[in-house]
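Asks: Starting from the given sequences, assemble the full structure and let the hints guide the process.
There are 2 protein chains.
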Amino acid sequence: MRPSRLDATHDPSLRSWIESANDAATDFPIQNLPFGVFRHDFEERPHIGIAIGDQVLDCLAAARAGCFESLGPVIGDALQSWSLNALFLLGREDARAVRAAASRLLRSDTPEGTLAKAMRETIIVGMDRISMILPAEIGDYTDFYASIFHATNVGRMFRPDAPLLPNYKYVPIGYHGRASSIIASGTTVRRPRGQTKPGEAPPAYGPTHHLDYELEIGAFVCGENALGDTVPVEHAEERIFGLCLLNDWSARDMQAWEYAPLGPFLAKSFATTVSPWVVTLDALEPFRAPAFARPDGDPPPLAYLMDEDDRARGGFAITLEVWLRSAAMRAENAPAVRLSHGSFESMYWTVAQLLTHHSSNGCNMRPGDLLGSGTVSGPEKASRGCLLELTMRGAEPLTLPSGERRAFLADGDEVIFKGWCERKGAVRIGFGECRGEIRAASTAAE
Amino acid sequence: MRPSRLDATHDPSLRSWIESANDAATDFPIQNLPFGVFRHDFEERPHIGIAIGDQVLDCLAAARAGCFESLGPVIGDALQSWSLNALFLLGREDARAVRAAASRLLRSDTPEGTLAKAMRETIIVGMDRISMILPAEIGDYTDFYASIFHATNVGRMFRPDAPLLPNYKYVPIGYHGRASSIIASGTTVRRPRGQTKPGEAPPAYGPTHHLDYELEIGAFVCGENALGDTVPVEHAEERIFGLCLLNDWSARDMQAWEYAPLGPFLAKSFATTVSPWVVTLDALEPFRAPAFARPDGDPPPLAYLMDEDDRARGGFAITLEVWLRSAAMRAENAPAVRLSHGSFESMYWTVAQLLTHHSSNGCNMRPGDLLGSGTVSGPEKASRGCLLELTMRGAEPLTLPSGERRAFLADGDEVIFKGWCERKGAVRIGFGECRGEIRAASTAAE
Numbered sequence: 000m001r002p003s004r005l006d007a008t009h010d011p012s013l014r015s016w017i018e019s020a021n022d023a024a025t026d027f028p029i030q031n032l033p034f035g036v037f038r039h040d041f042e043e044r045p046h047i048g049i050a051i052g053d054q055v056l057d058c059l060a061a062a063r064a065g066c067f068e069s070l071g072p073v074i075g076d077a078l079q080s081w082s083l084n085a086l087f088l089l090g091r092e093d094a095r096a097v098r099a100a101a102s103r104l105l106r107s108d109t110p111e112g113t114l115a116k117a118m119r120e121t122i123i124v125g126m127d128r129i130s131m132i133l134p135a136e137i138g139d140y141t142d143f144y145a146s147i148f149h150a151t152n153v154g155r156m157f158r159p160d161a162p163l164l165p166n167y168k169y170v171p172i173g174y175h176g177r178a179s180s181i182i183a184s185g186t187t188v189r190r191p192r193g194q195t196k197p198g199e200a201p202p203a204y205g206p207t208h209h210l211d212y213e214l215e216i217g218a219f220v221c222g223e224n225a226l227g228d229t230v231p232v233e234h235a236e237e238r239i240f241g242l243c244l245l246n247d248w249s250a251r252d253m254q255a256w257e258y259a260p261l262g263p264f265l266a267k268s269f270a271t272t273v274s275p276w277v278v279t280l281d282a283l284e285p286f287r288a289p290a291f292a293r294p295d296g297d298p299p300p301l302a303y304l305m306d307e308d309d310r311a312r313g314g315f316a317i318t319l320e321v322w323l324r325s326a327a328m329r330a331e332n333a334p335a336v337r338l339s340h341g342s343f344e345s346m347y348w349t350v351a352q353l354l355t356h357h358s359s360n361g362c363n364m365r366p367g368d369l370l371g372s373g374t375v376s377g378p379e380k381a382s383r384g385c386l387l388e389l390t391m392r393g394a395e396p397l398t399l400p401s402g403e404r405r406a407f408l409a410d411g412d413e414v415i416f417k418g419w420c421e422r423k424g425a426v427r428i429g430f431g432e433c434r435g436e437i438r439a440a441s442t443a444a445e
Numbered sequence: 000m001r002p003s004r005l006d007a008t009h010d011p012s013l014r015s016w017i018e019s020a021n022d023a024a025t026d027f028p029i030q031n032l033p034f035g036v037f038r039h040d041f042e043e044r045p046h047i048g049i050a051i052g053d054q055v056l057d058c059l060a061a062a063r064a065g066c067f068e069s070l071g072p073v074i075g076d077a078l079q080s081w082s083l084n085a086l087f088l089l090g091r092e093d094a095r096a097v098r099a100a101a102s103r104l105l106r107s108d109t110p111e112g113t114l115a116k117a118m119r120e121t122i123i124v125g126m127d128r129i130s131m132i133l134p135a136e137i138g139d140y141t142d143f144y145a146s147i148f149h150a151t152n153v154g155r156m157f158r159p160d161a162p163l164l165p166n167y168k169y170v171p172i173g174y175h176g177r178a179s180s181i182i183a184s185g186t187t188v189r190r191p192r193g194q195t196k197p198g199e200a201p202p203a204y205g206p207t208h209h210l211d212y213e214l215e216i217g218a219f220v221c222g223e224n225a226l227g228d229t230v231p232v233e234h235a236e237e238r239i240f241g242l243c244l245l246n247d248w249s250a251r252d253m254q255a256w257e258y259a260p261l262g263p264f265l266a267k268s269f270a271t272t273v274s275p276w277v278v279t280l281d282a283l284e285p286f287r288a289p290a291f292a293r294p295d296g297d298p299p300p301l302a303y304l305m306d307e308d309d310r311a312r313g314g315f316a317i318t319l320e321v322w323l324r325s326a327a328m329r330a331e332n333a334p335a336v337r338l339s340h341g342s343f344e345s346m347y348w349t350v351a352q353l354l355t356h357h358s359s360n361g362c363n364m365r366p367g368d369l370l371g372s373g374t375v376s377g378p379e380k381a382s383r384g385c386l387l388e389l390t391m392r393g394a395e396p397l398t399l400p401s402g403e404r405r406a407f408l409a410d411g412d413e414v415i416f417k418g419w420c421e422r423k424g425a426v427r428i429g430f431g432e433c434r435g436e437i438r439a440a441s442t443a444a445e
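Those protein sequence lines, which keep their order, are chains A and B.
Each step along the first sequence adds one to the number in numbering that gives the first Met the number 0, with nothing skipped, and position 231 is 230.
Each step along the second sequence adds one to the number in numbering that gives the first Met the number 0, with nothing skipped, and position 235 is 234.
By construction, these hints were calculated from the structure, which means they are not laboratory data.
All values reported here derive from a predicted model rather than from experimental measurement.
Glycine is no exception: its CB is placed at the ideal position from the N, C-alpha and C atoms.
Do not take every clue at face value.
Said to hold, decoys possible - Which bits of chain A does chain B cover? Going by a derived footprint, with three or more residues having C-beta under 8 Å, they are:
(1) 178-190
(2) 195-203
(3) 224-232
(4) 253-259
(5) 263-272
(6) 292-303
(7) 390-396
Replies: Here you go:
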């Protein structure tokens, strides 16, 4: 078994001199310290930042001010670059060193903290004064299908006779996604147009009528393997920098018409939203959980995907929620309504298994590559991670507090994902939000 | 109808002061002038080059020497960059200006040519003295399925009851591919490992036994459209910089087991080879052809994919060949053997239609994105563009001149694609070669 990575940064008694970080409800206590990239309104140049309470440690400014000098010039340069890719290239070990240094800088009881507090005006910025952008240049984006509940629910709708295909319990099913259309949380999403074929009518091109979200976890890859080399499952977690929330927006009517035989394409590639803060696997260490317990009769993973340690603690206990707020609800000043809640523990494959499978053919995984988990759905109806499942392909529409009904998303709907971890004896940490509002399709001629 | 783009650069009477460019058999006469990126052995920095006979115009050196000064500093900077992405960003019009300037520089009867010839030692380098690398940083790679003959042949093997799915004649079917594993011609390809399920046996992980090539044309995207904007079909060709040869290596046994329901994944992502020279659509202008004539009864393309001009001249008459040379043939000094020959004219969808469809949901297409056509197969058996089709999934193995039999590729096999255009009244132009040799799977424990 791998050694526990619990260290001084996880100590529940740590307090920060940033007061908002000590609030029990914050997603970003000093035990979290996720990485992101932000911009000031007045400046084009992006800065790497670390979230702390409702503030951000400006790593560019802090590195320039010498706060990370003890980590050496290579890490210092990476912290001053325009995206997290350089830090991703350096890998987990160096990222651990940065996180540990940031912890000392932000603690209320360290000499580094005392010095940093004195530089507060230079190295700390309020979240309300910056815009978060994508944390990395994403070379390749891959989306998996790792919830057996989601696969079974969706399969039942499209293939009632064979909901779960014979390969599912052996192959971590995935497909290549589109990297160019990955957007930061808060970016509006235009309703896409595409080909659909409603019933017996001939195919037509127009705005989708079945626009959906998919609640997912994203994993950013760090380090690299040469083309032709594989990543053994026992080393795979060292190639995952951290996790975020991910909304794999989907146009179900387009998907149904286009997906055979080569899989989803334009039904997905119009937009994918990620939350801005990458929560490191190190921060998630206190929230490890056993991998999903395969029911009796399910085959064990093949040897290349099998790691006893991974079965014992390869899961992460992340609570996930989907919230929706329609334009009418906003107009009435009504709050968003929760549509579902589930846990990342329900996934059939661990994040390590996804990465190992991806590289098992020798595919080179590069720093900044993004893996989507696939829709996180659990066994209960309340934990279904997309409208397709929640409304049974629109047959059982939801009723919102405003009285509106939703089979799929309407223009003006805002979808908000939340995710967090809590456990007795540990300080709660969170992912922040992954948010997107639907705007109407363009008025281009059809 | 769009104006003909035939201009002085296509004049069949043009001769170059590079003698090898005047050889009737060269792929790279002065009427071609494709773009690529090369490296000297002694230098890390890549140079943009333009092929001419068996020589290359070193655009970095030529720009530094002032040869492109008349085109202005923006184009000059792009020609001195490390890849073609900057030129792709500028777009077709600027690329036309570069090609026209290169034509004048390399002609034997212009003042520019006289000056350039005097600088020959500085601005010209022999192909035998350089290594070609990937022409661009490829952001996203998409592979289509645009040959109805390929789709029908393959469909018949996997779905005898429904070889061609109902969406095929409406939707230019495609899927997102893997960008990281795209490699330059000449790079060896390691036989991948993966999950397969032979017959009734349980699934197992090991080297593929059904390794195949796929003969394709690649198209490099230039310019950009914002996320949410579409590219009308009548403007689509202005977003295609040029074409290359592309080998979409495929592991058929892995593909058969993994592809449902989300499409091909690890069966493809271990390697994709592209030829190094990007032949511009401008150079291909004399070889335009009508789009594929849909048989009576086939539906016309939907309006967003319909352009009269595209039907009239959206095809390109490119002859394509696949050659193979086994290790035994190399040992005997035997030449490669031709396995198939076909034409890009047989494609059901034009390159313009592929790009327009791809952006029809608002997907942003970035400079350097690569579109694969899908396997180019024609109606005759001799024009089938992969072994899966040629050998009927291995049931009818080929016999090589060496006496060896091939159902699929063996270690040591070298696969060579060739492509060229010829037509009465025009000078023949070619694509060069797309070449890759199979090396054995790694010896990592299974």
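Asks: All hints are to be evaluated individually against the structure, with a verdict given for each.
Replies: So, going through the hints one by one against the coordinates:
{"no.": "1", "hint": "178-190", "verdict": "holds (count 5)"}
{"no.": "2", "hint": "195-203", "verdict": "holds (count 4)"}
{"no.": "3", "hint": "224-232", "verdict": "holds (count 4)"}
{"no.": "4", "hint": "253-259", "verdict": "holds (count 5)"}
{"no.": "5", "hint": "263-272", "verdict": "holds (count 7)"}
{"no.": "6", "hint": "292-303", "verdict": "holds (count 4)"}
{"no.": "7", "hint": "390-396", "verdict": "violated (count 0)"}
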